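Could you build the full structure based on these sequences and the hints that come with them?
Quick note on numbering that gives the first Met the number 0: the sequence shown kicks off at 0 and runs consecutively.
No lab work stands behind these hints, which were simulated from the structure alone.
Since the model is a prediction, treat every value here as computed from it, not as a measurement.
Every residue gets a Cβ at the ideal spot worked out from N, C-alpha and C, and that includes glycine.
Incorrect hints may have been included.
[Claimed, not checked] Calculated pairs, DSSO-like style, for lysine-lysine (alpha carbon to alpha carbon, straight line, at most 27 Å): (1) Lys5 x Lys104; (2) Lys116 x Lys11; (3) Lys5 x Lys115; (4) Lys90 x Lys104.
[Stated by the list, open to error] Ranges of calculated distance between the beta carbons of each label pair, as one might list FRET restraints: (5) Gly29 x Thr88: 15 to 21 Å; (6) Gln114 x Ser30: 38 to 44 Å; (7) Gly29 x Glu7: 36 to 42 Å; (8) Ser107 x Thr24: 28 to 34 Å; (9) Gln10 x His72: 18 to 24 Å; (10) Gln36 x Gly108: 23 to 29 Å; (11) His112 x Gln36: 29 to 35 Å; (12) Arg39 x Arg100: 18 to 24 Å; (13) Arg28 x Leu2: 39 to 45 Å.
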Amino acid sequence: MFLFEKLEVYQKALAFAERVSNQTTDFPRGSWYLADQLNRASLSISLNIAEGNGRWTAADRRNFFGIARGSVHECVPLIELCRRRGLITEKLCGDLKDELRVIAKMLSGLIGHIQKKRPSSVT
Numbered sequence: 000m001f002l003f004e005k006l007e008v009y010q011k012a013l014a015f016a017e018r019v020s021n022q023t024t025d026f027p028r029g030s031w032y033l034a035d036q037l038n039r040a041s042l043s044i045s046l047n048i049a050e051g052n053g054r055w056t057a058a059d060r061r062n063f064f065g066i067a068r069g070s071v072h073e074c075v076p077l078i079e080l081c082r083r084r085g086l087i088t089e090k091l092c093g094d095l096k097d098e099l100r101v102i103a104k105m106l107s108g109l110i111g112h113i114q115k116k117r118p119s120s121v122t
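Here's what the structure looks like:
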């Protein structure tokens, strides 16, 4: 098992990507671009957590965790647009956004932890 696989935020991100994938499978043909973009953004969260964990420097890890957090935010308007187009229910929209809030907070915590560990620069 890789170290990142033990991270709760990684597990939640992967479960989120799987849930999104399952939900978008039956999107109508004309909405393929929404399904594709939402799947890419949701998968990007766990991929960047994994890649960041494989980096040697704190700055690199922080950067990839920040990219993962950006992907969380990218999912929000996509989910909202899916709701507005009637592709997902109001309840599912709210549930998915709640999951994203939790993941975003966890990523912020990881980023904050890395920043606290950095030695202060001396000039």
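Status of each hint after checking the structure:
Of the supplied pair hints, the one linking Lys5 and Lys104 holds, its CA atoms being roughly 17 Å apart against a limit of 27 Å. Distance restraint check for Lys116 and Lys11: the Cα-Cα separation of roughly 25 Å lies within the 27 Å cut-off, and the hinted pair is therefore satisfied. Distance hint between Lys5 and Lys115 is fulfilled; the C-alpha atoms sit about 22 Å from each other, no more than 27 Å. For the given pair, Lys90 sits about 21 Å from Lys104 by alpha-carbon distance, which is consistent with the 27 Å threshold.
Evaluation of the 15 to 21 Å hint for Gly29 and Thr88 yields a pass: the beta carbon distance comes to about 19 Å. Restraint check, Gln114 to Ser30: a C-beta distance of roughly 39 Å satisfies the suggested window 38 to 44 Å. Checked against the hint of 36 to 42 Å, the C-beta distance between Gly29 and Glu7 comes to roughly 37 Å, which is consistent with it. Between Ser107 and Thr24, the C-beta spacing of about 31 Å keeps the proposed range 28 to 34 Å intact.
For the hinted restraint 18 to 24 Å between Gln10 and His72, the CB-CB distance of approximately 20 Å keeps it satisfied. Judged by the Cβ atoms, the range 23 to 29 Å given for Gln36 and Gly108 holds: they are separated by roughly 27 Å. The hinted window of 29 to 35 Å between His112 and Gln36 holds, with their beta carbons roughly 30 Å apart. Range check, Arg39 to Arg100: Cβ separation about 20 Å, and the 18 to 24 Å hint holds.
Range check, Arg28 to Leu2: Cβ separation about 41 Å, and the 39 to 45 Å hint holds.
In this structure, none of the earlier numbered hints is contradicted; all agree with it.
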